[in-house]
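Let's have the full structure, built from the sequences with the hints guiding it.
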Amino acid sequence: MTDHIPSSERLPAVAPDLVLVLWGHGEWQVKSFSERLSAWLGIDPLQARGRSAEHLFADAVPSLLELATEVLERGQDLSDVKIRLFPEQPEFLADIQFAGLTDDYLGRLVRVTLRRETTASRQEIGFRNLVGQSAAMREVFRKIQLYGPSDAAVIITGETGAGKELVAQALHEESTRHSRLFAAINCTAISDQLLESELFGHERGAFTGAVREHRGYFERADGGTLFLDEIGDMPLHTQSKLLRVLEDGKVQRVGSEKSHQVDVRIVGATNVPLEQAVAENRFRADLYHRLAVLRIHIPALRERREDISLLAERFLQHFNSKYNKGVQRFTPEAIRLLQSYLWPGNVRELRNVIERVVVEAETEAIGARAFGEWIQERQQFASAAPPAHAVMDSRPAPADNLPMVIPYQDQDSISPVSVVEADIVASGRGRGIRAELTAEAIRAAYRACGGNLTAAARRLGVHRATLYRHLSRLNLTREQLS
Numbered sequence: 001m002t003d004h005i006p007s008s009e010r011l012p013a014v015a016p017d018l019v020l021v022l023w024g025h026g027e028w029q030v031k032s033f034s035e036r037l038s039a040w041l042g043i044d045p046l047q048a049r050g051r052s053a054e055h056l057f058a059d060a061v062p063s064l065l066e067l068a069t070e071v072l073e074r075g076q077d078l079s080d081v082k083i084r085l086f087p088e089q090p091e092f093l094a095d096i097q098f099a100g101l102t103d104d105y106l107g108r109l110v111r112v113t114l115r116r117e118t119t120a121s122r123q124e125i126g127f128r129n130l131v132g133q134s135a136a137m138r139e140v141f142r143k144i145q146l147y148g149p150s151d152a153a154v155i156i157t158g159e160t161g162a163g164k165e166l167v168a169q170a171l172h173e174e175s176t177r178h179s180r181l182f183a184a185i186n187c188t189a190i191s192d193q194l195l196e197s198e199l200f201g202h203e204r205g206a207f208t209g210a211v212r213e214h215r216g217y218f219e220r221a222d223g224g225t226l227f228l229d230e231i232g233d234m235p236l237h238t239q240s241k242l243l244r245v246l247e248d249g250k251v252q253r254v255g256s257e258k259s260h261q262v263d264v265r266i267v268g269a270t271n272v273p274l275e276q277a278v279a280e281n282r283f284r285a286d287l288y289h290r291l292a293v294l295r296i297h298i299p300a301l302r303e304r305r306e307d308i309s310l311l312a313e314r315f316l317q318h319f320n321s322k323y324n325k326g327v328q329r330f331t332p333e334a335i336r337l338l339q340s341y342l343w344p345g346n347v348r349e350l351r352n353v354i355e356r357v358v359v360e361a362e363t364e365a366i367g368a369r370a371f372g373e374w375i376q377e378r379q380q381f382a383s384a385a386p387p388a389h390a391v392m393d394s395r396p397a398p399a400d401n402l403p404m405v406i407p408y409q410d411q412d413s414i415s416p417v418s419v420v421e422a423d424i425v426a427s428g429r430g431r432g433i434r435a436e437l438t439a440e441a442i443r444a445a446y447r448a449c450g451g452n453l454t455a456a457a458r459r460l461g462v463h464r465a466t467l468y469r470h471l472s473r474l475n476l477t478r479e480q481l482s
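Per full-length UniProt numbering, the very first residue in the sequence shown carries number 1; after that it's consecutive.
If you are wondering where the hints come from, they were derived from the structure by calculation, not from laboratory data.
One or more of the hints may lead you astray.
To be verified - Cut-off 27 Å, straight-line C-alpha distance, at most; resulting in silico cross-link-like pairs (DSSO-like, lysine-lysine):
| hint | residue 1 | residue 2 |
| --- | --- | --- |
| 1 | LYS258 | LYS82 |
| 2 | LYS258 | LYS241 |
| 3 | LYS82 | LYS325 |
Stated by the list, open to error - Label pairs and their in silico Cβ distance ranges:
| hint | residue 1 | residue 2 | range |
| --- | --- | --- | --- |
| 4 | GLU173 | GLU360 | 52 to 58 Å |
| 5 | VAL359 | GLU35 | 42 to 48 Å |
| 6 | GLU173 | ASP95 | 33 to 39 Å |
| 7 | VAL293 | GLY205 | 36 to 42 Å |
| 8 | GLN380 | LEU106 | 48 to 54 Å |
| 9 | ARG244 | VAL359 | 47 to 53 Å |
| 10 | ASP248 | ASN324 | 50 to 56 Å |
| 11 | GLN380 | ARG244 | 45 to 51 Å |
Built from N, CA and C at the ideal position, the CB exists for glycine as well.
Below is the structure:
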């Protein structure tokens, strides 16, 4: 029987099952192939039975044998693991599951189900440079496609780090202006005087330091798209000039009496409600109505946790390439840990964390332990956060004061655990048991929240009733907490 690499022309859209068996002496051997997989490999199923899987799939990346062993050792199935069985062949998605014992009870069966990732499935988890398969992100993708061809102004709302500029770029790429310039400026990153100069340009000698004439973003983006980030914080006098440009399409440079006709589509972004800014006279009502023709809201990452594993995988691939690393995947524990965190910094924070662990990685798989130092830093950050006196009990905690929450599951229930206890997950201790809050953690949260138990429970990442149960268990009173 001759080994060979299967032709990609005969790759099935969905590969059938490959079942391996671990015999008593610990060597993986092939139990059976499905007919379609046997045809693709060009191997007679009868001849393959009992053959060394390590020999047949020696070039699999990541190691198919290590994945199967991990399932048995951890007692947990793996799903959607990207794997390449042979060099220069496309990747499969693999589900590895424990399938029982052999007839003689000397070996354990592991079923490996392989399937190809189709173009359609890839489109479902991303759009342009955006990644997501949650209902909220699919709505964002739909609006981008719907609003893209329009020239109407768009306001993008969402928390800091949610990806507002990526949405603006996607709108530009979906528009008829995609061949022209996409320009972006942060309205809070430069001083008020320089902001006007950067937007509208200036003439030579218009102010001290203006040694030559300067074309502003409006002139440079003529025919294209101008993205105004943090537009809600734009100074009022600059808002007036922006309104005039939107009304007549003419830009007047600082220090000039002449106007230039421009054709620019405006996309603005804000992490503060513009309606509130208008009510507080920090934003012009007429400019608000001019800008808020179309709106796209990007949900916070904690509101679409099903997208976290997809984003983590995308960042893993990016930083693997950037730093020439060989990391293949995250372990299930690592993914659960990432999905447990509330991500106050949203996608930007997730990207930074993944970059860190990839740089530090020395193995093919990144586990929960790799995040241990980061967890400790988050713990210190949470303990040093300002008191939450002003937060009403009925209101959600502000995004920059959210705790880290690690859900732990036993046979009866799920008990959320604060960042104070997160080292249990990172170290691997306590598997299969529910982690408990300590008196020190509760006391620190209670004092940080000014004696507000509801706010303290929120800070610890637990329900108020759960906090009361912990207080009863520890025989702690309010007086003792103070």
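When the structure is checked against the list of hints, which entries are broken? Sort them ascending. 1 and 4
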